[in-house]
Amino acid sequence: MFNTLLYYRSTSRLIAIKRFVIHQSDGDVGTKIKLFNDKKQFKKTLELFDKYKENDIKNLSSFIITQALKACAQVRDLQRGMIIHRLISSRIKTDCYISTSLIHLY
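For the sequence shown, counting from 1, position 85 maps to 85 in full-length UniProt numbering; every step adds exactly one.
Read the hints as simulated data drawn from the structure, not as lab findings. One or more hints might be untrue.
[To be verified] Dumping the calculated DSSO-like pairs for lysine-lysine here, alpha-carbon to alpha-carbon at most 30 Å:
| # | residue 1 | residue 2 |
| --- | --- | --- |
| 1 | Lys-93 | Lys-70 |
| 2 | Lys-34 | Lys-93 |
| 3 | Lys-58 | Lys-32 |
| 4 | Lys-70 | Lys-40 |
| 5 | Lys-39 | Lys-70 |
| 6 | Lys-93 | Lys-58 |
| 7 | Lys-40 | Lys-53 |
| 8 | Lys-40 | Lys-51 |
| 9 | Lys-58 | Lys-39 |
| 10 | Lys-51 | Lys-70 |
| 11 | Lys-32 | Lys-51 |
| 12 | Lys-34 | Lys-58 |
| 13 | Lys-93 | Lys-51 |
| 14 | Lys-70 | Lys-43 |
| 15 | Lys-44 | Lys-93 |
| 16 | Lys-40 | Lys-58 |
| 17 | Lys-32 | Lys-70 |
| 18 | Lys-58 | Lys-70 |
| 19 | Lys-53 | Lys-93 |
| 20 | Lys-34 | Lys-51 |
| 21 | Lys-32 | Lys-53 |
| 22 | Lys-58 | Lys-44 |
| 23 | Lys-53 | Lys-70 |
| 24 | Lys-43 | Lys-58 |
| 25 | Lys-43 | Lys-53 |
| 26 | Lys-32 | Lys-44 |
| 27 | Lys-43 | Lys-93 |
| 28 | Lys-70 | Lys-34 |
| 29 | Lys-39 | Lys-51 |
| 30 | Lys-43 | Lys-32 |
| 31 | Lys-32 | Lys-93 |
| 32 | Lys-34 | Lys-44 |
| 33 | Lys-34 | Lys-53 |
| 34 | Lys-70 | Lys-44 |
[To be verified] Cβ-Cβ distance ranges computed for the label pairs, FRET-style:
| # | residue 1 | residue 2 | range |
| --- | --- | --- | --- |
| 35 | Lys-34 | Ser-99 | 16 to 24 Å |
| 36 | Lys-93 | Lys-39 | 30 to 38 Å |
| 37 | Lys-51 | Arg-86 | 17 to 25 Å |
| 38 | Lys-40 | Thr-94 | 27 to 35 Å |
| 39 | Lys-93 | Lys-40 | 26 to 34 Å |
| 40 | Ser-89 | Lys-39 | 27 to 35 Å |
Don't be surprised by glycine CBs; every beta carbon is placed ideally from N, CA and C.
Based on the sequences and whatever the hints tell you, model everything.
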């Protein structure tokens with residue numbers, strides 16, 4: 001009984017820590033991507049986006065996606081922009097920021 005209680009307590013702490021780390025890293029990624037775009041380092045923006053896109057595109061914020069689309073537009077990388085468009089197609093109808101970024105891309 002004690003071992004079971006100890007197991008569940010340590011598991012819940014681990015889950016709480018993982019949630020905090022994932023949530024915080026999303027904000028850090030958004031900040032880094034924005035800084036790269038502000039410095040006109042669009043290739044670095046896209047590299048960072050690709051790195052975090054592999055984890056889960058559904059958990060990326062609209063801000064990160066719009067910054068990646070902006071970088072695609074600036075370097076005229078229509079192919080990569082179309083890939084992002086395909087990945088986020090379900091979010092377009094409900095997010096005007098993503099829709100606007102796609103208009104600028106095309």
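query: Of the hints stated earlier, which fail here?
result: none
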